[in-house]
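Undergrad: Which chain is which? The protein sequence lines are A and B, in order. Each residue of the first sequence is one higher than the one before, counting from 1 in my numbering. Each residue of the second sequence is one higher than the one before, counting from 1 in my numbering.
Any given hint might turn out to be false.
[Unchecked claim] Once the Cα atoms are required to be at most 16 Å apart in a straight line, the calculated EDC-like pairs of lysine to aspartate or glutamate come out as:
1) A:K232 with A:E514
2) A:K26 with A:E512
3) A:K63 with A:D199
4) A:K413 with A:D443
5) A:K107 with B:E52
6) B:K127 with B:E52
7) B:K127 with A:E447
8) A:K26 with B:D77
9) A:K513 with A:D223
10) B:K127 with A:E23
11) A:K107 with A:D48
12) A:K36 with A:E23
13) A:K413 with A:E444
14) B:K127 with A:D443
15) A:K379 with A:D488
16) A:K314 with A:D355
17) A:K232 with A:E219
18) B:K127 with A:D488
19) A:K147 with A:E181
20) B:K63 with B:E52
21) A:K107 with B:D77
Read the hints as simulated data drawn from the structure, not as lab findings.
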Amino acid sequence: MTDDRHQIEQKPPRSDWRDPAVEFRKGTYCHSAGAKYVEALGLPNPRDWNPADADWKLPPDWKQIILDGMAERLEKYRSFKLFMDVCVRCGACADKCHYYLGSSDPKNMPMVRAELIRSVYRRYFTPAGRVFGSLAGGRELTEEVIKEWFYYFYQCSECRRCSVFCPFGIDTAEITMIGRELLNLIGCNINWVTKPAADCFRVGNHLGIQPHAFKDSLEFAADELEEVTGIKVDIPINRKGAEVLFVMPSADYFATPHYYTLLGYMSLFHEIGLDFTYSAYASEGGNFGLFSSHEMMKRLNAKIYDEARRLGVKWILGGECGHMWRVLHQYMETMNGPADFLEAPVSPVTGTRFDHARSTSMVHICEFTADLLYHDKLKLDPKRNDKWVVTYHDSCNPARGMGLLEEPRYVLKRACNQFHEMPENTIREQTFCCGSGSGLGTDENLEMRLRGGFPRANAVRHVREKQGVNLLACICAIDKATMPTLMDYWVPGVEVAGVHELLGNALVMTGEKERTTNLRGEPLQPAVPETPPEEVPHG
Amino acid sequence: MSTEDAILERWFARTVEAYPGETVLFLTTERDQFRNPVGHILRENLEVLLRELLGGMELSRTKPALEAIIRVRAVQDFTATQAVGFIFMLRSVVGEFAPEHDVLSIGQKVDQLALMAFDEYVRCREKLYEIRLNESRRALSVPAAMARVGS
Numbered sequence: 001m002t003d004d005r006h007q008i009e010q011k012p013p014r015s016d017w018r019d020p021a022v023e024f025r026k027g028t029y030c031h032s033a034g035a036k037y038v039e040a041l042g043l044p045n046p047r048d049w050n051p052a053d054a055d056w057k058l059p060p061d062w063k064q065i066i067l068d069g070m071a072e073r074l075e076k077y078r079s080f081k082l083f084m085d086v087c088v089r090c091g092a093c094a095d096k097c098h099y100y101l102g103s104s105d106p107k108n109m110p111m112v113r114a115e116l117i118r119s120v121y122r123r124y125f126t127p128a129g130r131v132f133g134s135l136a137g138g139r140e141l142t143e144e145v146i147k148e149w150f151y152y153f154y155q156c157s158e159c160r161r162c163s164v165f166c167p168f169g170i171d172t173a174e175i176t177m178i179g180r181e182l183l184n185l186i187g188c189n190i191n192w193v194t195k196p197a198a199d200c201f202r203v204g205n206h207l208g209i210q211p212h213a214f215k216d217s218l219e220f221a222a223d224e225l226e227e228v229t230g231i232k233v234d235i236p237i238n239r240k241g242a243e244v245l246f247v248m249p250s251a252d253y254f255a256t257p258h259y260y261t262l263l264g265y266m267s268l269f270h271e272i273g274l275d276f277t278y279s280a281y282a283s284e285g286g287n288f289g290l291f292s293s294h295e296m297m298k299r300l301n302a303k304i305y306d307e308a309r310r311l312g313v314k315w316i317l318g319g320e321c322g323h324m325w326r327v328l329h330q331y332m333e334t335m336n337g338p339a340d341f342l343e344a345p346v347s348p349v350t351g352t353r354f355d356h357a358r359s360t361s362m363v364h365i366c367e368f369t370a371d372l373l374y375h376d377k378l379k380l381d382p383k384r385n386d387k388w389v390v391t392y393h394d395s396c397n398p399a400r401g402m403g404l405l406e407e408p409r410y411v412l413k414r415a416c417n418q419f420h421e422m423p424e425n426t427i428r429e430q431t432f433c434c435g436s437g438s439g440l441g442t443d444e445n446l447e448m449r450l451r452g453g454f455p456r457a458n459a460v461r462h463v464r465e466k467q468g469v470n471l472l473a474c475i476c477a478i479d480k481a482t483m484p485t486l487m488d489y490w491v492p493g494v495e496v497a498g499v500h501e502l503l504g505n506a507l508v509m510t511g512e513k514e515r516t517t518n519l520r521g522e523p524l525q526p527a528v529p530e531t532p533p534e535e536v537p538h539g
Numbered sequence: 001m002s003t004e005d006a007i008l009e010r011w012f013a014r015t016v017e018a019y020p021g022e023t024v025l026f027l028t029t030e031r032d033q034f035r036n037p038v039g040h041i042l043r044e045n046l047e048v049l050l051r052e053l054l055g056g057m058e059l060s061r062t063k064p065a066l067e068a069i070i071r072v073r074a075v076q077d078f079t080a081t082q083a084v085g086f087i088f089m090l091r092s093v094v095g096e097f098a099p100e101h102d103v104l105s106i107g108q109k110v111d112q113l114a115l116m117a118f119d120e121y122v123r124c125r126e127k128l129y130e131i132r133l134n135e136s137r138r139a140l141s142v143p144a145a146m147a148r149v150g151s
């Protein structure tokens with residue numbers, strides 16, 4: 001007997017990568033931006049449209065707009081020009097993209113994704129391409145190409161893993177950024193980036209939380225913390241003359257499990273008596289402008305220095321967030337600096353001067369806390385985290401965007417008794433993305449996110465099976481929002497937490513009541529035993 | 001190479017043919033389980049399935065192996081039939097390399113595996129809706145808690 005009756009074709013048709021046709025299948029792309037949000041930001045071509053439609057309602061001169069936009073950026077950004085010219089297609093990046101590894105789609109190989117735009121560059125901006133066209137590796141710019149760009153540039157989470165392996169140092173994330181900027185010029189934006197950016201522009205944060213709700217939310221958190229610790233912490237908001245301005249991603253005060261990280265910050269600041277303030281205006285550290293255009297990023301970032309200046313603080317402390325730190329660390333000073341009205345950050349507790357952060361005057365909370373621990377300024381009881389067998393996911397932007405590798409681990413190893421690393425080629429600068437960064441963490445894009453997150457989940461599964469890991473710690477708001485979903489599907493039984501949630505659990509606060517629960521309100525439990533305990537009969 | 005290894009290699013090769021041509025070589029040759037998670041999951045679990053198919057079809061071993069493969073293929077760019085179709089290929093592969101096997105018995109076991117694979121595929125697709133809902137609930141949990149306090 002043979003399987004001749006089984007007539008279903010298993011092999012996909014062999015196709016040329018230069019063919020731009022893509023199928024917009026539900027679950028694998030993000031919704032288009034609503035016209036009102038595009039309008040609110042003053043971006044071009046606001047309209048209602050759907051990526052799955054044949055007609056994208058592009059402006060009549062869309063092709064010229066794109067080519068002019070490319071010309072402008074080739075002139076303005078030396079990096080873009082260089083990245084268009086220097087790739088030799090050696091393939092070192094090919095199998096480094098989590099989307100490629102999870103989807104097996106060759107157009108997710110970073111050099112092929114870059115080639116989608118590079119081929120257009122060759123055709124219109126190089127002498128050989130102008131004359132010889134496709135023979136010189138050029139491609140005509142058509143509406144199909146625009147759709148292909150939209151599909152694949154919103155399938156790159158700008159995590160920069162591929163750039164670690166590129167011998168020329170090509171940062172494919174920056175190619176994606178330019179690709180998205182160009183798409184924005186003709187109104188091809190996604191809602192999950194544009195709506196938060198519009199909210200942020202209007203109110204100050206991505207979730208559109210107004211100042212009174214911001215205050216309510218923090219006060220509610222303080223009440224929750226009091227129930228756990230017996231200590232009522234202060235909530236200073238917009239307090240002029242404070243030494244430090246604290247900026248966090250808005251998800252920290254309005255989403256779970258981020259919220260427990262906020263309780264951790266609050267415990268820490270109270271315990272060390274930090275002279276600080278929150279700001280209801282700079283109420284968002286995240287910056288979805290990064291995922292649309294450099295102008296938008298600059299516009300949304302400006303409030304941080306403006307508020308620091310208005311409140312007269314000496315320096316700025318930043319919470320756990322991923323792309324927020326790429327903007328702060330790599331672009332803020334150039335865009336909205338110099339920060340000459342601020343001072344070099346100095347820890348008021350240890351006296352450590354954070355000279356490396358002098359240019360921006362902004363310190364990551366993991367650096368700040370690691371320094372406190374290094375100087376033995378905090379009393380910790382790691383047994384309170386014994387419920388958890390912890391591993392650490394290096395969030396892409398802090399790891400690759402600012403080199404923050406050791407400090408979170410230093411905090412975790414002091415706050416938790418059970419900590420295990422994932423395999424070496426999946427952590428630190430080689431960390432795998434959650435698959436939902438750069439504005440792709442939306443629910444309609446879930447299948448693509450699960451593909452992109454599979455390499456990370458695969459490594460988590462490994463430590464779950466080998467060491468019984470049940471908690472994935474991270475320092476990124478997008479991770480905290482999307483990793484629980486990723487774990488639900490790929491590695492059930494693993495929860496997600498911020499580093500400062502675990503620190504807050506372990507922190508012994510002066511005058512606290514006996515802790516019976518962790519910051520989640522769950523009873524404190526003894527260590528996970530080596531062997532399952534014998535069943536205790538009920539009654 | 002033993003007959004069983006030969007069957008496994010051919011079955012693996014025919015299974016990865018479902019992926020685009022540029023990817024087949026990578027899925028086949030890269031053996032690091034973290035650098036090539038899809039290839040690793042396929043190879044490791046096809047081996048288990050083959051052993052069970054030629055042996056006792058122990059549910060405690062076939063089920064997790066099928067689950068691991070289908071969980072991946074249920075979210076990749078496959079239709080339902082493409083996602084589970086790799087099971088049926090086994091009939092001709094076994095017939096090619098080990099014609100001495102009882103074809104009828106193998107066929108029945110393949111059918112059994114295929115039915116289990118369909119169940120698993122449906123379970124994974126249902127799981128997608130469940131986790132999507134859970135994500136929305138998590139996003140709303142703090143405001144909901146605040147609303148309760150305020151009421």
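Undergrad: Are the hints correct? Go through all of them and say.
TA: Going down the list of hints, with the structure as the test:
{"no.": "1", "hint": "A:K232 with A:E514", "result": "holds (15 Å)"}
{"no.": "2", "hint": "A:K26 with A:E512", "result": "violated (51 Å)"}
{"no.": "3", "hint": "A:K63 with A:D199", "result": "violated (30 Å)"}
{"no.": "4", "hint": "A:K413 with A:D443", "result": "violated (34 Å)"}
{"no.": "5", "hint": "A:K107 with B:E52", "result": "violated (37 Å)"}
{"no.": "6", "hint": "B:K127 with B:E52", "result": "violated (27 Å)"}
{"no.": "7", "hint": "B:K127 with A:E447", "result": "holds (11 Å)"}
{"no.": "8", "hint": "A:K26 with B:D77", "result": "holds (11 Å)"}
{"no.": "9", "hint": "A:K513 with A:D223", "result": "holds (14 Å)"}
{"no.": "10", "hint": "B:K127 with A:E23", "result": "violated (24 Å)"}
{"no.": "11", "hint": "A:K107 with A:D48", "result": "violated (28 Å)"}
{"no.": "12", "hint": "A:K36 with A:E23", "result": "violated (27 Å)"}
{"no.": "13", "hint": "A:K413 with A:E444", "result": "violated (37 Å)"}
{"no.": "14", "hint": "B:K127 with A:D443", "result": "holds (14 Å)"}
{"no.": "15", "hint": "A:K379 with A:D488", "result": "violated (34 Å)"}
{"no.": "16", "hint": "A:K314 with A:D355", "result": "holds (14 Å)"}
{"no.": "17", "hint": "A:K232 with A:E219", "result": "holds (10 Å)"}
{"no.": "18", "hint": "B:K127 with A:D488", "result": "holds (9 Å)"}
{"no.": "19", "hint": "A:K147 with A:E181", "result": "holds (14 Å)"}
{"no.": "20", "hint": "B:K63 with B:E52", "result": "holds (10 Å)"}
{"no.": "21", "hint": "A:K107 with B:D77", "result": "holds (13 Å)"}
Consistency note: the structure conflicts with the earlier hints numbered 2, 3, 4, 5, 6, 10, 11, 12, 13 and 15.
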